[in-house]
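Q: For what it's worth, the numbering used here labels the leading residue of the sequence shown as 534, then goes sequentially.
Don't read these hints as lab results, they were simulated from the structure.
Careful: at least some of the hints might be erroneous.
[As the list claims (entries may be wrong)] Cut-off 20 Å, straight-line C-alpha distance, at most; resulting in silico cross-link-like pairs (EDC-like, lysine to aspartate or glutamate):
| no. | residue 1 | residue 2 |
| --- | --- | --- |
| 1 | K565 | E626 |
| 2 | K565 | D688 |
| 3 | K643 | E569 |
| 4 | K643 | E601 |
| 5 | K565 | D659 |
| 6 | K565 | E601 |
| 7 | K679 | E601 |
| 8 | K632 | D688 |
| 9 | K679 | D659 |
| 10 | K632 | E601 |
Being a predicted model, the structure only gives us computed values, none of them experimental.
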Amino acid sequence: MHFWKFFLLAMLGSTAVAAAEPVTFATRLNAKFHHERCLSCHQFNSPQGRAYGSHRSRYLCSQCHRREVIGLPANSEWMAPNNMDFTGFTPAETCRLIKQRIGADPTGQKLAHHLLTDGRVRWALDSGMTPGGQKQAVPGGYVEWKRDVEDWIRDGMRCE
534 MHFWKFFLLA MLGSTAVAAA EPVTFATRLN AKFHHERCLS CHQFNSPQGR
584 AYGSHRSRYL CSQCHRREVI GLPANSEWMA PNNMDFTGFT PAETCRLIKQ
634 RIGADPTGQK LAHHLLTDGR VRWALDSGMT PGGQKQAVPG GYVEWKRDVE
684 DWIRDGMRCE
């Protein structure tokens with residue numbers, strides 16, 4: 534057998550094995566959850582958070598973060614709840630926190646709804662626009678995010 538045929542067969546075989554590997558939170562989503570755009574809201578009440586010490590008043594957000602600037606509806610609850618700050622968490626800890634907060638939803642549909650349709654998440658993925666100008670959006674944008682979230686949920690929302 535020619536070397537290139539052997540090489541091609543070996544590569545095809547390794548691709549099939551890799552494709553069969555289940556998607557885990559750590560491999561596809563953790564870096565995105567810990568991206569600056571996601572942490573802008575998820576660290577809101579944390580001393581490590583950007584909003585905590587960089588604004589005159591953290592609770593007058595709508596004066597600058599208006600719909601025409603960032604695209605979110607006026608008076609929308611754009612910061613994450615206190616119990617959703619995963620600053621400093623490992624991939625497994627972040628994953629477990631997220632799954633714990635969605636409650637008794639083994640299908641992941643409640644989580645998928647938030648991650649795939651919520652305007653705040655779409656802002657982080659598509660725009661990142663702030664009163665100070667365009668900020669870096671989450672790498673891969675919505676298309677890659679949607680694929681990763683759907684694959685992770687389909688494969689059982691594995692944390693390890």
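Q: All hints are to be evaluated individually against the structure, with a verdict given for each.
A: Against the structure, the hints:
At most 20 Å may separate the alpha-carbon atoms for a hinted pair to count; K565 and E626 meet this at roughly 15 Å. Distance hint between K565 and D688 is fulfilled; the C-alpha atoms sit about 18 Å from each other, no more than 20 Å. The hinted pair formed by K643 and E569 fails the criterion: a straight-line CA distance of about 24 Å is larger than 20 Å. Restraint check for K643 and E601: not satisfied, since their Cα atoms lie roughly 28 Å apart, outside the 20 Å limit.
For the suggested pair K565 and D659, the alpha carbons sit about 13 Å apart, so the restraint of at most 20 Å is met. Of the supplied pair hints, the one linking K565 and E601 is violated, its CA atoms being roughly 26 Å apart against a limit of 20 Å. As the CA atoms of K679 and E601 are separated by approximately 26 Å, the hinted pair breaks the 20 Å bound. At roughly 14 Å between alpha-carbon atoms, K632 and D688 fall within 20 Å of each other, so this suggested pair holds.
The suggested pairing of K679 with D659 holds, with an alpha-carbon distance near 12 Å, which does not exceed 20 Å. Taking the CA atoms of K632 and E601, the gap is about 33 Å. The hint is violated against a cut of 20 Å.
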